[in-house]
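Participant: Knowing the structure of chain D, use the given hints to seat chain V on it.
2 protein chains.
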Amino acid sequence: MAHDVRVVTEAELRGVLTLDRALTDVIEKAFATLAGEGVVMPPVLSMALEAAHGEVDVKTAYLPGFDGFAIKVSPGFFDNPKIGLPSLNGLMILFSAKTGLVQSLFLDNGYLTDLRTAAAGGVAARHLAPAQVDTAAVLGTGVQARLQMEAAHQERPFRRLLVWGRDPAKAARYAEDMGARLGIPVEPVAEIGAAVAQSQLVVTTTPSRSPLITRDMLHPGLHITAMGSDQEGKTEIAPEVLAAVDLYIADRRAQCEVMGELAPAIAAGAIPGRSVELGDVIAGAAQGRGADSDVTLCDLTGTGAQDTAIASHVAGLLDQTAVGSVIRA
Amino acid sequence: MAHDVRVVTEAELRGVLTLDRALTDVIEKAFATLAGEGVVMPPVLSMALEAAHGEVDVKTAYLPGFDGFAIKVSPGFFDNPKIGLPSLNGLMILFSAKTGLVQSLFLDNGYLTDLRTAAAGGVAARHLAPAQVDTAAVLGTGVQARLQMEAAHQERPFRRLLVWGRDPAKAARYAEDMGARLGIPVEPVAEIGAAVAQSQLVVTTTPSRSPLITRDMLHPGLHITAMGSDQEGKTEIAPEVLAAVDLYIADRRAQCEVMGELAPAIAAGAIPGRSVELGDVIAGAAQGRGADSDVTLCDLTGTGAQDTAIASHVAGLLDQTAVGSVIRA
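These protein sequence lines are chains D and V, in that order.
Quick note on the working numbering: the first sequence kicks off at 1 and runs consecutively.
Quick note on the working numbering: the second sequence kicks off at 1001 and runs consecutively.
In isolation and in its complexed conformation, chain D is listed as follows (with noise of 0.2 Å):
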């Protein structure tokens, strides 16, 4: 039986949604929600195309109470930039939660991957770190180095921002865009322990193999979110630092274990101490941050959970309005 699909471009969704704290609270709906009863969110569907330098991922999640899932496509193709194209691409589905039928196409080539990301990052700095900060640090320059520090800065307004990055001339620029768009003064630093030292909140968003935080440059009152490792092999965080923290917080430890920073830790013996999952802290039922003086990371590898939500919330805000195509099929 025919039925109406709605199909909607990158150009269109730029139009409807940025990053702000409304977006923050769906993607901080969605973890408490993943925290509580009901939830089936399965492992991630990855498949890895050697021959073009690339690799697929496909996440899902039905979460109650929502009248739609989400099925998440993201292709990263890592020679694309070699043609003039991006690395990471991808489209968004929204079925209905009642009967399967396709309701939405959200061929947002992962804009809206960057904002529930991004908006995930907003999640932890509120939940996680410390009450004040005065200075932050962002490991990475790219489109999350980005994103993570206008949700960050969201929820706790940072008089100062230092960007570390492998090429220099992109932490430069890094600073002069950034610094325009926050109003405030963001620094380029060589070395990610100077970075470090003067922050209070950190966040990792590189696609690094090998850690880039270790246990020395840890000191009381630092939040770190790890946003960087959503792959097996990626890590940003070395394994002591996990042993080290007070509290090791994941999105998922399921899929932290698999995907996030806990791998290697946990392949290296380095089990954190006191660890939760980020909806648990949410929802009340574990302990966040106890003290102000307590060093926290949380491990971010992106769930099924945050496409559902978003792609809910982007439905809901296009149901009055003609923007996309409508196709009968």
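A hint or two may mislead.
[What the hints assert, rightly or not] Short derived list, chain D residues pointing at chain V, Cβ under 10 Å:
id : residue
1  : 46
2  : 55
3  : 77
4  : 98
Bear in mind the hints are in silico, worked out from the structure with no lab data behind them.
Backbone N, C-alpha and C define an ideal beta-carbon position, used for all residues, glycine too.
Facilitator: Just chain V now, with coordinates in the frame of chain D:
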């Protein structure tokens, strides 16, 4: 960077693609490729939505030599018929295997899945059924019961078809429809054993959760294609049948161990003697039917390789046409 995505509906797809031997050739090639080097076919992503009596499967495969790969989403929501909707739906997405960009969206409501599933039955008949099939039988009366026997008849033009269904009225309707379609006598039979006894080719197409075909029904020169079981818990073939046949052929052994007839057989300790994959038979790497008198069983669970093959095939057919809508995403 914006690029063009072609969106094609079920009605449009029905206009360009039907079940014929050329399509069986396409699926045969998919299986042959699956037997070779360089294939990447991750386990099926499966999500059960118990509250809605639904399930969703996601399949994909990268096949060397194919320019694209499909990701196929198949929702099954079994309360849909109560509100006038079909249980099965879904879509296929074709991505470039070089850049990961979305190329085509096939809003097929499961039509391409129906065809590629039936064509796999055609491939099984082509390579595994006795050379002469006078009488064939089908268990089940639904869409696949129809398409499977159409594909099988193209390969082995049997002179008579027997049909067994739980609901005699549906079996009678099937007999009438398919008699007209195939131009041969189609007769409903009340007992499965009687249907199998008279047939050289039997295809099982039901969602049964307990065995329909038992060891006592086997006779020399019988080929069975079992395609109903595609989820954990489903089964149409008794475990002792798998232990008794001369050759057990899996579409993909790793999948059949989870969601095919091999799952309950292994659990019951009934291990097939000689066991091969369909692709190995096609590629000549393994022997199929040895003698006309052999009893063979082919277990089809449905592979992402078939999805990639049919999606690529359709994209090729549409290449120089204006079928569908082009959306600049």
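Participant: Are the hints correct? Go through all of them and say.
Facilitator: The hints, checked one at a time:
1. Checking residue 46 of chain D against chain V: minimum C-beta separation of about 6 Å stays under 10 Å; hint holds.
2. With 10 Å as the threshold, the beta carbon of residue 55 of chain D comes within range of chain V, its nearest partner Cβ sitting at about 9 Å, so the hint holds.
3. Taking 10 Å as the C-beta contact cut-off toward chain V, the hint placing residue 77 of chain D at the interface holds, the least distance being around 4 Å.
4. Because the closest C-beta pair between residue 98 of chain D and chain V is about 6 Å apart, less than 10 Å, the hint holds.
When the structure is compared with the earlier hints, no violation turns up for any of them.
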